[in-house]
Amino acid sequence: MAEVILEKVVKAYGKTEVIHGISTAIADGEFIVIVGPSGCGKSTVLRMIAGLEKISGGIIRIDGREVNNLEPKDRDIAMVFQNYALYPHMTVFNNMAYGLKLRKFTKDEIKHRVDQAAQLLQLDGLLERKPRQLSGGQRQRVAMGRCIVREPKVFLFDEPLSNLDAKLRVQMRLELRKLHERLKVTSIYVTHDQVEAMTLGDRLIVINEGAAEQIGSPLELYEKPATKFVAGFIGSPSMNFIEARLSRDGQSANIQGDVRLALSDDGAPDFGDRKVIIGIRPEHFNISESNPQAIPLSVDHIEILGADTMVYGRFADTPDLITIRLPDIHHFKSEKVLPLSVAPDKIHIFNKDTGARI
Amino acid sequence: MVENRPITTFCSHAVLICGIAIVVFPIWITFVAASHDAVRMTQTPLPLLPGDQFFVNLKDTFIKGVGNAREQSVGLMLMNSLIMAMMIAVGKIFISLLSAFAIVYFRFPFRMGFFWMIFVTLMLPVEVRILPTFEVVANLGMLNNYWGLSIPLIASATATFMFRQVFLTVPDELLEAARIDGAGPMRFFKDILVPVSRTNIAALFVILFIYGWNQYLWPLLITTDKNMYTIVMGIKQMLEAAEESPEWHLIMMTTLLAMLPPVAVVVGMQKLFIKGLTETEK
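Chains as they are written, first to last, in our numbering: chain A, 1 to 358; chain B, 1 to 282.
If you are wondering where the hints come from, they were derived from the structure by calculation, not from laboratory data.
You may find that some hints are simply not true.
Cut-off 20 Å, straight-line C-alpha distance, at most; resulting in silico cross-link-like pairs (PhoX-like, lysine-lysine) [unchecked claim]: (1) LYS130/A - LYS226/B; (2) LYS73/A - LYS190/B; (3) LYS104/A - LYS190/B; (4) LYS130/A - LYS153/A; (5) LYS236/B - LYS130/A; (6) LYS190/B - LYS101/A; (7) LYS224/A - LYS346/A; (8) LYS226/B - LYS236/B.
Model the full assembly from the supplied sequences, consistent with the hints where possible.
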């Protein structure tokens, strides 16, 4: 167990910089999730911590020790790969024991540790099988077992659940979380799946194009996204963005014509009379028939999911479709106009040019 | 396309039977000839049914030896061939595994240059470079021994190339997992890479063993000592009986014996052989 510290970590291939200086401190025993769209560099960050990629700049410390130039085996880490990377010719037992054998543990110690890990992961009866005789979920557990037996300081996960089917993924997600609560080993988990990120992580690092957009707890990211990117990435369906002009005093926002949205607190007086992007999550719209201030939404089409109904429509003549998520089942005809309201504290305002939160 | 009409079944079987007959007939004749005595083999028409001398001939071939002065022992020639074929097959596989490992997993200067240099040797089999190779082998004092017989045939681009392709299909994560587990390069090679490619190694072994066993020109050139004769060239020597007519019954018996080891290797390793050539999943 140990803390992991990244100081302005940079990765460049030749002249192309792909990771632009990421700094963060991961506390001992913390479960941190690195999340971002495909190709944003999140796996690269993980592989740099693992030592599988060279670091072009900055410092990585594990347990206070600089590991920039250490081989992966000397960093005291263990990693679960997306395709598990089990040794196909070895039995489950040998797969888990291999790292220990190379580290010259005694036979008894190896057996003890592997048996314990197998029990923890419910692999008891499978130790003599080859990986190809196992199901996806079992292979996943073997890959975890291979990490656990080593008792490393840090666990690294590289999209470990993405090869499983949806149902198994939910189950393994829960098991992973429980396992973490039992073992309390510092874990770094890479995923592009925001549900995994929200449910597993103590804190998330959202990465976009090689830079950390925001680091914080899942709720922080949901409630106070630091940038438009984070706001759009976290939450499903994603946040609606609407271009608007703030009133002169910054207390309300005008969407096309005379549709007005009141802002909470003091609004954003600094940006009075300027164009901004306002963001509203689909689940934060309410239908309010009686409210004279309601914004009219003309329905384009709906999707009834049972628990929720997704309504897609437009405000006045805005070009973009707005998504609204209403609980329960509704049957709205297309062209119907819904009066909507939004609580002022659920409205996010972003700088139109920089995308930063205002 | 699967058809079940009787006529197509009949036709396809007829074609198959013809093909088998063409392959099997010479072997049958060899077998028949090996089971008659010397006198019968000089009379026409040649026999088409086996005689009763098979075991007598077998004993003669092994115990008395063949050739003009009965000085060539078939047993020794078989042993020579076996050793040469094994050395060629094992040596080729060993060297190719290592060179393919170097080319795929290490980033050293002129890596691709070396690869293409190895590749170019495909165009230079022993037959093409036979004189310079002979000179080198002679200067190194390797005439008339097993090293001289096998080493010039070991350097092999085909096997290197094949192992390179095999290694390229091994997922990178396997190497990375091994690195995290603490395996150094040679550990990874020994514990992971070689076991993972074992079916390919077996397939290549079959091919290379037969290649080595069937070598004719090179052994003929560098062996002058009768104790180093291999079976394939030995058969040819038997035909060159200067004064007497060739002893067909013994020659055919020797031929039969020469066919056995490759057949045994193919039959014994059949399963791995097919897996190694067809299996792609690692």
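query: For which of the previously enumerated hints does the structure constitute a violation, in increasing order of number?
result: Numbers 1, 4, 5 - these are the hints that the structure violates, sorted from lowest upward.
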